[in-house]
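The chain contents come next:
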Amino acid sequence: MIKRWHAVAAAALVIAAVALYVVSRSTAAEPVNLTTTGSRYTATVLIADPAPGQVTVEIKVSKGDADTVALSAVMAEMGHSTPEISATMREPGRFVAVGELFPMSGVWELSIRLDGPAGEEQLAVKTLITE
Amino acid sequence: MIRVLCLAAVLVLALAAPAAAHTVTAGTDLRIAQTIAGAEVTVVVKGTTRVPGPLRIGVIAYQPVSGLPIGLEVRSVEDGRTVTGTAQAAANPQYTQLQVERTGPHELKLSAGNETAVIPFRVLVERDSAGAFLIYGGLFVAAVLLVGGLLTGATARPGRAMALAAGAAAGVTVAAMVIVFESQVPAPPPDGAAPAPAPTTSTAEGRPYVQARMETVPAQPEAGEEFTLRVDLVDGSTGRPVDDLTAHHEALAHVVVTSEDGRYFRHVHPLRTAPGHLEVRLSAGRPGRYLAHAELERENSGGQLVAADFTVGGPAKASAESGTVTESGKTGAPATQAGTTVTPRLQPAVPIAGRPTTIDLDTPAGVRTWLGMTGHLLIRGQDGRFFGHVHEMGAPGSRVRFTFSFPEPGRYLAWVQYATADRIVTVPFTVNVTAPEAK
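Residue numbers (our numbering), protein chains in the order written: chain V, 578 to 708; chain G, 3 to 441.
Check before you lean on any hint, since a few could be wrong.
Stated by the list, open to error - BS3-like cross-link-like pairs, simulated, lysine-lysine; straight-line CA separation at most 30 Å:
| hint | chain 1 | residue 1 | chain 2 | residue 2 |
| --- | --- | --- | --- | --- |
| 1 | V | 703 | G | 319 |
| 2 | G | 48 | G | 111 |
| 3 | G | 48 | V | 703 |
| 4 | V | 640 | V | 703 |
| 5 | V | 637 | V | 703 |
| 6 | V | 640 | G | 111 |
| 7 | G | 48 | V | 637 |
Quick caveat, the hints were computed from the structure, so don't treat them as lab data.
Please model the complete structure; the sequences and the hints are all you need to start from.
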């Protein structure tokens, strides 16, 4: 009989844990994976560990032959902007930039300046950066 | 047996997650006033309850237009997918249905005549809250366990039946507690919403000021010739184009252009041609100095007013103004009909600076809402250094009523605007305001 009550208590704990997980997962910082399409290029921004400070940003260009990709960021709320960082081409269509793009937490607009034979285009994605 | 049921409960809870989008609600309509192809229209984008789903777009005309076709192009900024259609501007428009495949940032491109506007917007679809998931999950578990309890009880195993009944009670308790406390848990943002910090972490209120440059193309327009008034907006802190204007009072910007003497008046809604760039086409019949006042509002900020002036050259074009106080032009607000003798009533009759003045104006029946309000009162100081925009306060009967405290003594030019079934009526008048001690 006592064992059964233990089992019920365990079940209640499991349910409580699942409930907590469901409630808390909406607030957890998740990797950034955003795609934006302009008239010349399509770029996907991947940030595995988005946080204030040094970040590694991967840009995948799936439409248009981009030769160079440069990143900068603006926090419209506070009027902050960060210097432009040039991304290094790892392979055609895949660029990686490392630098301090987000000095503080908040909503940042990441500008992606792409250049190639098709011409220059500036795309942007918005992302929430949290501590 | 119990282990199997516990596992079943966990699986039910875990597997229910992908179905979180089964209850969806429509987003809010987007309404944007535009002055395009010489017509004053309001573009309405009706929210969708699902994606892929229908996006309905209509163009409301506020003046007689004989089948003004407006080209529509909706583009997802994420994947670049584009759908096109055509809308006919009308007082009670037919809505054109376009299919959207996803939530998130989109652009609506409007084309009419040889003018184009690009309006950014987001397609949002409400998604289920974690609370609703727990409520239904808890009740579902309770139901499963109660049935199990009954079956176990029927096979004369009181211990197991009690355990299952206790499990059911736990499920009901979870559901009930979530029902009670759900209102205190913030709802999740709709699918496709712009990223935003949690309300508690937001310390900043308002955004940096806008630096605006207003200029005409050509630099000095000729009387009677069409020209473009350009408004270029730059963020005062970053130097970047300002592209976060909200649709305040149903427009990205309200631009009022008046001649120095006030005989020319236009209240127009420029088209966004590119990030930070707004344009509207105008023409003025008389040479002289003109004033432009633009009201706009950035996201999470208050309204801002920017002002500029320009000069129209060349000889006057007599046909453009024929005795009416405001001009009858093809662009912007139509003129008041010649012979309109309606005059506003002021209370007090001679307004005193710094004290509220009430302005009443009789209107015909059937006044309809324009720019979210029944009536608009635009006020300019004689010298153009003061500009005000007052809204109607919901007066009963066929009239509009405004209350405004004129800040300084002096002469003011004022225009009341309201929309009837087929036009926008503009009633100009002047107000002489006295100093308090001169009473």
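Earlier hints that do not hold, by number: 1, 7
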